[in-house]
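A.B. asks: Spelled out from the first residue to the last, the chains are:
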Amino acid sequence: SQQGEEDPQALSIQEGENATMNCSYKTSINNLQWYRQNSGRGLVHLILIRSNEREKHSGRLRVTLDTSKKSSSLLITASRAADTASYFCATGPDRGSTLGRLYFGRGTQLTVWP
Amino acid sequence: SAVISQKPSRDICQRGTSLTIQCQVDSQVTMMFWYRQQPGQSLTLIATANQGSEATYESGFVIDKFPISRPNLTFSTLTVSNMSPEDSSIYLCSVEAGFSYNEQFFGPGTRLTVL
Chain L
1 SQQGEEDPQA LSIQEGENAT MNCSYKTSIN NLQWYRQNSG RGLVHLILIR
51 SNEREKHSGR LRVTLDTSKK SSSLLITASR AADTASYFCA TGPDRGSTLG
101 RLYFGRGTQL TVWP
Chain Z
1 SAVISQKPSR DICQRGTSLT IQCQVDSQVT MMFWYRQQPG QSLTLIATAN
51 QGSEATYESG FVIDKFPISR PNLTFSTLTV SNMSPEDSSI YLCSVEAGFS
101 YNEQFFGPGT RLTVL
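So the protein lines, in turn, are chains L and Z. Here the first sequence stands for residues 1 to 114, numbered as in my numbering. Here the second sequence stands for residues 1 to 115, numbered as in my numbering.
To be clear, the hints were calculated from the coordinates, so they are not data collected in a lab. For clarity, every value in this text was computed on a predicted model and none was experimentally measured. Worth double-checking, as some hints may not be accurate.
As the list claims (entries may be wrong) - Listed below are several chain Z residues computed to face chain L (Cβ distance under 8 angstroms; list not exhaustive): (1) S42; (2) L43; (3) L45; (4) T48; (5) N102; (6) E103; (7) F105; (8) F106; (9) G107; (10) G109.
Glycine included, every Cβ here is placed at the ideal spot set by N, Cα and C.
Chain L extracted, bound-state conformation (with noise of 0.2 angstroms):
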């Protein structure tokens, strides 16, 4: 399967402490995103990684890609109740057969706990 696992599944933590999500992936990819989701609605895009970036920034958001292992992780920084939501990594393929294709992950269920 070409879908990323999400680890943990879900996380629990107070106000203003940081949340690590990890993302692992089996094939070769073009980059890799991660979405929000709040309660079961529309999933919103918060940032995209390519295969040839190794960090990206993106306001309390740090995603980080290493190919060699496969595997990704989205620190969320100074967390707040409102962070409170499913976290899905998704890998776009190579070109080719599988154009505009993603591949959704589990997800992690992080609570974020006034």
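Fit chain Z to the known structure of chain L by using the hints.
C.D. replies: Quick look at chain Z alone, frame taken from chain L:
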């Protein structure tokens, strides 16, 4: 970016009936995608819909069960046919519209319950 709307937002349907879900985008896009998210699960791609051609279905999904239309560059429909309780899921459409290849924007989803 793109703004995507879906109709209906939710529905409760009887076994054996069909439901058509609409997806409207505020800009012209080439590729549209339909996903299914079963309760507590991740997203699974159903099919890719390009305007002017037949939809491409993923393994495990067939056109008779999930017919898709793509009449223009801003609109698509997904029909869930002959429904059973196992079809109870959230159905989401998405488009590839970001600055980066593969960056997708999602609609709010349609929450379907089949009794």
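A.B. asks: Indicate, hint by hint, whether the structure satisfies it.
C.D. replies: Outcome of the hint check:
1. For S42(Z), the shortest C-beta to C-beta distance to chain L is roughly 5 angstroms, which falls under 8 angstroms, so the interface hint holds.
2. Annotation: L43(Z) was flagged as interfacial toward chain L, and the flag holds, the nearest CB pair being 4 angstroms apart, inside 8 angstroms.
3. Annotation: interface hint on L45(Z) holds; nearest CB of chain L at approximately 6 angstroms, less than 8 angstroms.
4. Look at T48(Z): its Cβ gets to within about 6 angstroms of chain L, closer than 8 angstroms, so that hint holds up.
5. Against a cut-off of 8 angstroms between C-beta atoms, the interface hint on N102(Z) holds, since the closest Cβ of chain L lies about 4 angstroms away.
6. For E103(Z), the interface hint holds, the least distance from its beta-carbon to any beta-carbon of chain L being 5 angstroms, beneath 8 angstroms.
7. With 8 angstroms as the threshold, the beta carbon of F105(Z) comes within range of chain L, its nearest partner Cβ sitting at about 6 angstroms, so the hint holds.
8. With a cut of 8 angstroms, the hint placing F106(Z) at the interface with chain L holds, because the nearest CB-to-CB distance is about 4 angstroms.
9. With a least beta-carbon distance of about 5 angstroms to chain L, the hint placing G107(Z) at the interface is held under the 8 angstroms criterion.
10. Checking G109(Z) against chain L: minimum C-beta separation of about 5 angstroms stays under 8 angstroms; hint holds.
Checked against the numbered hints listed earlier, the structure breaks none of them; every hint is satisfied.
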